[in-house]
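Peer 1: Chain by chain, the residues run as shown.
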Amino acid sequence: MNLTFFFQNVVNALQWGSFYALIALGYSMVYSILMLFNFAHGDIFMVGTYIGFVLTTGLVALSAAGIVVLPNWLILVLTIVLAMLFTSCLGMLVERIGYRPLRGAPRASAAITGLMIGIILQTTVLSIMGAQRVLYPSLIPTTAYTVGGVSVTNIKIMIVFVSIALMIALHQFVQHSKWGMAMRAMAYDYAVVPLMGISINAIAALTFAIGSALAAVAGIMYGMAYPILDPSMGILFGWKSFVAAILGGRGSIMGACIAGFLIGFIEIFVATIFPSTLRDLIAYSIILFILVFRPHGLFGEPYSARLRL
Amino acid sequence: MHQTTSTASHPRGSLELVRRFFANVPLLAWFCGALVAVILERAVGLSMAQSLGMPRIPVLFGFLVFLKQPALIPGALGYVLLMNILPICITAKIGAPVFNLVSRILYKMPLVVTALVHLAVLYAVFHFWADVNAYRMIMLKMMLISILLTLSLNVINGYMGEFSCSHPGFMALGAYAASLFTVGLFVNDQLFGPAMMTSDYAVVFFPLGLFFTGLVSALGALVIAIPSFKTRGDYLAIISLAFTFIIKSVLENLEFLGGPRGLSGQPDWSSLPMVFIIVVFGVWVINNFVTSTMGKALNAVRDDEIAAEAMTVDTRKTKIIAFMFAAFWAGVAGGLFAHVLRFVNPSTFGIQKLAEVLAMVYFGGLNSVYGSIVGAVSISLLGEALRPLEILKWIIIPLLLILVMIFRPRGLISFKEFNIHNLLKPRG
Amino acid sequence: MKKSLVGLMSLTVVFLLAMVLSGCGEKEQADAPKKAVENVIKIGFPIPLTGDIPDVGESSKNAAEMILKQVNEAGGLEVGGVKYKLQFIYDDNESKAESAVAATTKLITVDEVLAIIGPQASKQAVPAGGVADNYKTPMISPWSTNPNATLNRPYVFRGCFLDPFQGPVAANFVTDEFGATKAAVLYDIASDYPKGLAEYFKKAFEELHGPGSVVAFETFTTKDVDFSAQLTNIIRANPDVLFVPQYYNEVPLIVKQAGALGWDKPIMGSDSWGSGDLMGLCGDDCKGHFFSTHYAAAGATGATKDFIEGYQAVYGKTPDDVAALTWDSVNIMLQAIKDTGGLTGNLANDREAVKNALGAVTNFDGITGEMTFTPDGDPIKCAVVVKIDDEGQFSFYESVCP
Chain R
1 MNLTFFFQNV
11 VNALQWGSFY
21 ALIALGYSMV
31 YSILMLFNFA
41 HGDIFMVGTY
51 IGFVLTTGLV
61 ALSAAGIVVL
71 PNWLILVLTI
81 VLAMLFTSCL
91 GMLVERIGYR
101 PLRGAPRASA
111 AITGLMIGII
121 LQTTVLSIMG
131 AQRVLYPSLI
141 PTTAYTVGGV
151 SVTNIKIMIV
161 FVSIALMIAL
171 HQFVQHSKWG
181 MAMRAMAYDY
191 AVVPLMGISI
201 NAIAALTFAI
211 GSALAAVAGI
221 MYGMAYPILD
231 PSMGILFGWK
241 SFVAAILGGR
251 GSIMGACIAG
261 FLIGFIEIFV
271 ATIFPSTLRD
281 LIAYSIILFI
291 LVFRPHGLFG
301 EPYSARLRL
Chain D
1 MHQTTSTASH
11 PRGSLELVRR
21 FFANVPLLAW
31 FCGALVAVIL
41 ERAVGLSMAQ
51 SLGMPRIPVL
61 FGFLVFLKQP
71 ALIPGALGYV
81 LLMNILPICI
91 TAKIGAPVFN
101 LVSRILYKMP
111 LVVTALVHLA
121 VLYAVFHFWA
131 DVNAYRMIML
141 KMMLISILLT
151 LSLNVINGYM
161 GEFSCSHPGF
171 MALGAYAASL
181 FTVGLFVNDQ
191 LFGPAMMTSD
201 YAVVFFPLGL
211 FFTGLVSALG
221 ALVIAIPSFK
231 TRGDYLAIIS
241 LAFTFIIKSV
251 LENLEFLGGP
261 RGLSGQPDWS
271 SLPMVFIIVV
281 FGVWVINNFV
291 TSTMGKALNA
301 VRDDEIAAEA
311 MTVDTRKTKI
321 IAFMFAAFWA
331 GVAGGLFAHV
341 LRFVNPSTFG
351 IQKLAEVLAM
361 VYFGGLNSVY
371 GSIVGAVSIS
381 LLGEALRPLE
391 ILKWIIIPLL
401 LILVMIFRPR
411 GLISFKEFNI
421 HNLLKPRG
Chain P
1 MKKSLVGLMS
11 LTVVFLLAMV
21 LSGCGEKEQA
31 DAPKKAVENV
41 IKIGFPIPLT
51 GDIPDVGESS
61 KNAAEMILKQ
71 VNEAGGLEVG
81 GVKYKLQFIY
91 DDNESKAESA
101 VAATTKLITV
111 DEVLAIIGPQ
121 ASKQAVPAGG
131 VADNYKTPMI
141 SPWSTNPNAT
151 LNRPYVFRGC
161 FLDPFQGPVA
171 ANFVTDEFGA
181 TKAAVLYDIA
191 SDYPKGLAEY
201 FKKAFEELHG
211 PGSVVAFETF
221 TTKDVDFSAQ
231 LTNIIRANPD
241 VLFVPQYYNE
251 VPLIVKQAGA
261 LGWDKPIMGS
271 DSWGSGDLMG
281 LCGDDCKGHF
291 FSTHYAAAGA
301 TGATKDFIEG
311 YQAVYGKTPD
321 DVAALTWDSV
331 NIMLQAIKDT
341 GGLTGNLAND
351 REAVKNALGA
361 VTNFDGITGE
371 MTFTPDGDPI
381 KCAVVVKIDD
391 EGQFSFYESV
401 CP
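Chains as they are written, first to last, in this note's numbering: chain R, 1 to 309; chain D, 1 to 428; chain P, 1 to 402.
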């Protein structure tokens, strides 16, 4: 494998891994605080992408009609901000309806609720948007640069940088803000923290809001990189990110990011080195082996009796 | 004496009245009532339906009619009342004294005899009901198979308390192994050449083949069982999910099994008696398994692994046996499934199937044989009955499940032992 | 004891009543079918309205609804001098094999349809074909390319051409047109249409240029969106042409990503590219590429033009290959029903007659070309290669007949 070829694949894997990492973050945060699988997260990501699509299309149409003329970069920023807002609301709604009543229930039941909410979200989008795929409008024209034989586009660079920036921002928030401290405390001990005057409902809602906002950003970037949307796009993506979240270690935010990138790298490099026919086979065998030899994920704490299904 | 004693503490008005009214009706009477109803339907169903203004017998208790042709609703309701509800209730109530007499005689005999008589009547009900229409037949077979599948998943997810996502994988192993067995040996096929044996003894060979099929799945389960010694909970869920993806990917790559095109041409050996007998046998074995000391060991592992180990439960052995046992029956269910469809392909055994089985287990109830039966029957019936709604169906069924989860987080009927004695005893 | 005697007596009465009534019932059952068919022809559509590919179900339904409206507004279908109203029954197969079997069984035995159109994807068409053949009901799957769907099933037909024909068409075309001696293929391994076609293309191309001339044979899995690893491999192998037998909703992603990675050579596609939506989704990136298909939309004449314009007028978009093939399949079925010369009202006999008429259809002039069925129930028809021109139109390039 020559060097150019190698770096080309590294660049590809960075882009692909960014999406897994961003979605896995959402899983991992809910996970560390409420200790449940939010199986609806993949579909929240899907809805976020569609919200982004509707907003962008609407704003572009408004601009084109000359009602409110906005430059493309402003449309993008507006779309991101509004989509984050709406998707956060959706996330909080899902938490309120689907998870809060189940707080005392076995965690697996909450997982089933999540799965079902996911199906409802898909069906709703399918009935509103119709069965045809839609094209995400491109706001920034794609430009390809070739650096020493490695082909990079401006979109790729943007995706990787925005994802890493978001991860750092999230890390700062969790480590250095009051709310972040409350969240960490909640993750540490779920039963005692409410006694300290911190509302578990507020923290849960906040967690879902942040996770969903990240999913919305991921969705918009996804729309720019892979501009064809369909209502079932969240399923497989969601499950794979879920794999990343667990692989990273329960509730470890850094673990989820690293595992997200790791899965991106595994998928890309397996397809490159081996016959791509065997990609899923080899990629999942690697994941299986990692978990056999590291039963608590990459950065997870050892299993404790409290965290049982 | 009366069954109502347990429920009398919280009466619910008219429902309680109905329950009291039928308190003296033994199970045998209900089964015989159903038998009368289905025989009656077979005899006069069509003319009854036509005189009520419908072109044919409503196949699914009128559901398909309600949703598609609202004009016929009164007719369909009348039909369901006259052909299904009334005959059952009247026979059961009027015949109660006779059936109690028979029940009492049967009750004195060995349990096996009593159970077999009940099952024979049940089979007759299924037979006549499904005989009216081929659609009922296929639905019934699918329903029976999903009972077996759900129950086998409940062994792991309910009794042992792990969250296993590997059932589509086990089922796929079973479906392919059974297809390989029958297509390879008994069918003239382009992939495997001419038949090596005649299919005259299908009744013997098929169960035998299914047994080997189950063993193949059970071997596959070792891939998950061995890591489960150290890896637990969510991490094990991922291992099992990876297993499902791996099996799917292997099958897609195996050219001699048809790859993504799948394997077709299975002989039509999943007849109703075959499916019924194997499923009933499976339920019986699983019920014995979970009520044995092994079942208690499973519960102990679920509730506290370290404490279980301290109480001399061999947790490793328990886990291996539980996984292999559950995979065995999932494989058998897969084999039956392949022969009902007479086609298998890898993409059938993906995430969609997983969601379906999980829904059945958690809807019905954890740690309960009753629950699994209820879950499998209601989800498959709902799936068929709401089919005319098309897209709306996928809002109604999930909503229903969410409601069940909110109000009964462990499922409709959870942690309830399957008490055969109590079920079969005379009621008066 | 007395109580139980009363019970026993009443039971006997019920049983006797059932026996007596069953005698009457059987008599009525015998003449029931005659009453049931009152100048209505029912055709069933087990199509995927939900699940993985709801767009396929929607296109099928759209095309069928157009025909239904046309025929019924003209007073119905005339068969042997009698006018029959058409009734189309759509049932959702959820894009699952088991649901396709259940839905097809329901259509045949509960709704008592005369014939079946669908299911579309092979994973549903193969098992559903088994059901249709079992109940001796004629069925046409417009879109399934798996040979097993029709193999040894006299009652099952298909509307599209098979991979062994289309693969070589593409291989010959790239050889003649681009002088290609090295080719690459990118396809979805988990889906059987792309896989079959990719393999036949490889076989045909290697027969022309020797083993190893397909320098990259890369795969992905359904629902994948990132093809960068495969495309990087392909670009490194430096082929003259890339063959992508994928659906129109995946093509734009592949073409765009290939462009971003520096691919500037031609890309060849298959009939699954042929949707009006392709250009809407792909934009300028797809211009200049070629694909083999059933008809060229640009400059279409006659029935094809009417169909495209009619479809656009009703649904506001250009029809895709599913819609066109469904349109033809329904029309062939209606033609076969007419050819029977008259329906008896006895469902079993009528189904048999329709099957025989279908087998006898020769040179049916459909919008996707002239069709004649082989004894296996597969159509013999011509393929055309179209070029996506600078206006984004699918313009005719050449025609290849078997």
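Hints are not guaranteed to be accurate.
Part of the chain P face toward chain D, derived, beta carbon under 7 Å [unchecked claim]:
#	residue
1	Ala102
2	Thr109
3	Val126
4	Ala190
To be clear about the criterion: a stretch of chain D counts as covered by chain P if any three or more of its residues have a C-beta under 8 Å from a C-beta of chain P, and this derived list gives those stretches [to be verified]:
#	region
5	254 to 264
6	279 to 293
No wet-lab data here; the hints were simulated from the structure.
Here a beta-carbon is modelled for each residue, glycine too, at the ideal position from N, C-alpha and C.
Peer 1: Hint by hint, note whether the structure agrees.
Peer 2: Evaluation of the provided hints:
1. Ala102: holds, 6 Å
2. Thr109: holds, 4 Å
3. Val126: Where the cut-off is 7 Å and the nearest Cβ of chain D is about 5 Å from P/Val126, the hint holds.
4. Ala190: holds, 5 Å
5. 254 to 264: holds (count 5)
6. 279 to 293: violated (count 0)
Checked against the numbered hints given earlier, this structure breaks only hint 6.
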